[in-house]
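Here the protein sequences line up with chains A and B, keeping their order. The UniProt record's numbering puts the first residue of the first sequence at 1, with every later residue one more than the last. The UniProt record's numbering puts the first residue of the second sequence at 1, with every later residue one more than the last.
Calculated directly from the structure, the hints in this document are not laboratory data. Possibly wrong hints are sitting among the right ones.
Which residues of chain A face chain B? A few of them, derived with a C-beta cut under 7 Å, are [what the hints assert, rightly or not]:
(1) Leu153
(2) Leu154
(3) Asn158
(4) Leu159
(5) Val271
(6) Val286
(7) Ala289
As the structure is a prediction and not an experimental result, all values here were calculated from the model. Every residue, glycine too, gets a C-beta built ideally from N, C-alpha and C.
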Amino acid sequence: MLRFLTSRLAVAIPTLLLVSVLVFSLQKLLPGDPALALAGEDRSPEVIAFLRHKYQFDQPIPVQYWTWLKAFASGDLGTSVRTGLPIGQMVAEKLPVTMELSLLSMLIALAVGVPAGLAAALKRGTPIDYVVGVMGLAGLSIPSFWLGIMLILLFSVNLGLLPSGGYTPFFESPWDNLRTMLLPSLVLGSASAAIIMRHTRSSMLIVLRQDFVRTARAKGLPEGIVVVRHALRNGLIPVVTLATLQLGQLLSGAVLTEQVFGIPGFGKMIVDGVFSRDYAVVQAVVMCAAVFFLLLSLMADLAYAALNPRIRA
Amino acid sequence: MSAREAPDVHAAPGWLGRRTVTGQLAREPAFLVGGFIVLLFVLVALFAPWVAPYDPNASDWMAIRQAPSAAHWFGTDDLGRDVLSRVIFGARASLAAGFLSVAIAMAFGAPLGLVAGYFGGIPDIIISRLMDALLACPFLVLAIALAAFLGPSLQNAMIAIGVSAMPVFARLARGQTLAVRAEDYVSAAVSVGLSHPKILVAYVLPNIMPPIVVQAALTTAIAVLAEASLAFLGLGQLPPAPSWGSMLDAARQFLIEAPWMAIWPGLAIVTVVIGFNMLGDALNDALNPRD
Chain A
1 MLRFLTSRLA
11 VAIPTLLLVS
21 VLVFSLQKLL
31 PGDPALALAG
41 EDRSPEVIAF
51 LRHKYQFDQP
61 IPVQYWTWLK
71 AFASGDLGTS
81 VRTGLPIGQM
91 VAEKLPVTME
101 LSLLSMLIAL
111 AVGVPAGLAA
121 ALKRGTPIDY
131 VVGVMGLAGL
141 SIPSFWLGIM
151 LILLFSVNLG
161 LLPSGGYTPF
171 FESPWDNLRT
181 MLLPSLVLGS
191 ASAAIIMRHT
201 RSSMLIVLRQ
211 DFVRTARAKG
221 LPEGIVVVRH
231 ALRNGLIPVV
241 TLATLQLGQL
251 LSGAVLTEQV
261 FGIPGFGKMI
271 VDGVFSRDYA
281 VVQAVVMCAA
291 VFFLLLSLMA
301 DLAYAALNPR
311 IRA
Chain B
1 MSAREAPDVH
11 AAPGWLGRRT
21 VTGQLAREPA
31 FLVGGFIVLL
41 FVLVALFAPW
51 VAPYDPNASD
61 WMAIRQAPSA
71 AHWFGTDDLG
81 RDVLSRVIFG
91 ARASLAAGFL
101 SVAIAMAFGA
111 PLGLVAGYFG
121 GIPDIIISRL
131 MDALLACPFL
141 VLAIALAAFL
151 GPSLQNAMIA
161 IGVSAMPVFA
171 RLARGQTLAV
181 RAEDYVSAAV
191 SVGLSHPKIL
201 VAYVLPNIMP
211 PIVVQAALTT
221 AIAVLAEASL
231 AFLGLGQLPP
241 APSWGSMLDA
251 ARQFLIEAPW
261 MAIWPGLAIV
271 TVVIGFNMLG
281 DALNDALNPR
291 D
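When you get a sec, could you build the whole thing from the sequences and use the hints?
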């Protein structure tokens, strides 16, 4: 297992370095002087000169990159030109909000996706399978921001059951926190539920055809035990990996969901950064998202290896 | 997009032109329905000036936020513009973004994957690590960052989506090329002294195309959603030009007074994305009998 972990890290670290090159290169896409862009509204000569010196824009590009990378690796993600706050502090404040949203969405996705996929596999070719297929197609095709707007229209505007947006920290009021997070979690979890549903179905269809399931049935075991104890345990192995990777994708989807529901999370931070031309924030968010995603990929590989010993060989 | 990125069709019965596959597709309801939806939207986008009942940018100040009626089937928006006409013209931005961004992703991703898989060694290491780095950035986050740095416009949104989707095609083309590279007909082509470019174009490329076509259909659905998302965030087609995403953004402020402003553009996105997903799924089923 240690050798497996080392081999995965040997791939992850150069990938991360390449991501840092890509993220650093983003600011080179800006037309004109990057110091002007970083300065935002305050374009006084002093501020421009300060930024040019701070980010070493007058230095060769490799020197600029090295300075930026060293600062990032030491936890200095820069300073937001909009808020004046250290970006690291902003990330530390916003990330838990998005993590909560992502985890709740994943819980919903698993709670819907696994049973529905299992039912579709067990009842292949029946109306249940058809309904699950349609639900899966809809989940993949409905844009999250539109679903969010429609749910606000139904549950907040027409029925008045749930708040249309905002955020209450969990430790301030757990009840209000769950009420504000319910609709966003449903919205964000819908696409993941569809993906998990489809993978559970196809994985279970393969497992249910295998010899050990036939043997379990031949021994006279009740169908429930055959399905849950024998088939599902094996059929869920790829789904565990998928769910871990989906957590990374949820971060992407959170951008829109947080925007629709006005949740002050990591996703909204990038949008606010874009519109206030706070490019250092945008770079930091992309870099942090990539680090987070690579960590989740590593965890997915490890989980898969732990559940399926043949992979470790 | 990772969960939908691996239509493994290496055991495909043949290229699209083969009678068995086209025959199967012609009997596949998902292909027919998906194809009909996509074709309908393409025709509507192409003939928008003749199909739309009004100029999509013309404001009627006497008809602000009017509910659907005989005069305005989908109602009017906050500036008195006909929502149906804007939905019809909005199809142009969405479909253009869908097709062109996938064309960009394919045009760069597939050749890179082809070279990496065929030559192996250092080119493979460099290309694969570069694609891994792009894949490590969540799709929409990368597209937003690229669109932000390039500047908001439909053209830049297409580039941003194309670049973000490129690694999926590169990885798929690489995997397929690795398998095709080991086939006898490629070894025979090498042994008779054909040049590498000729082998790549004449022997490898046609045999790796089926999964790429499937991926293109599925990625077009994702690209349409991504364009709508970028436009919703103000990073795509700029107003007053109609775009489904920006129409939804504008509709958010009038959910109570004019919910139809949000309903119709959203339904248009859902319908066209379902069309592309059905096409992609049907192609995958036809070309990958193992599924």
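Hint check results:
no. : hint   : in the structure
1   : Leu153 : holds (6 Å)
2   : Leu154 : violated (10 Å)
3   : Asn158 : violated (9 Å)
4   : Leu159 : violated (13 Å)
5   : Val271 : holds (6 Å)
6   : Val286 : holds (5 Å)
7   : Ala289 : holds (5 Å)
Of the numbered hints stated above, those contradicted by the structure are hints 2, 3, 4, listed in ascending order.
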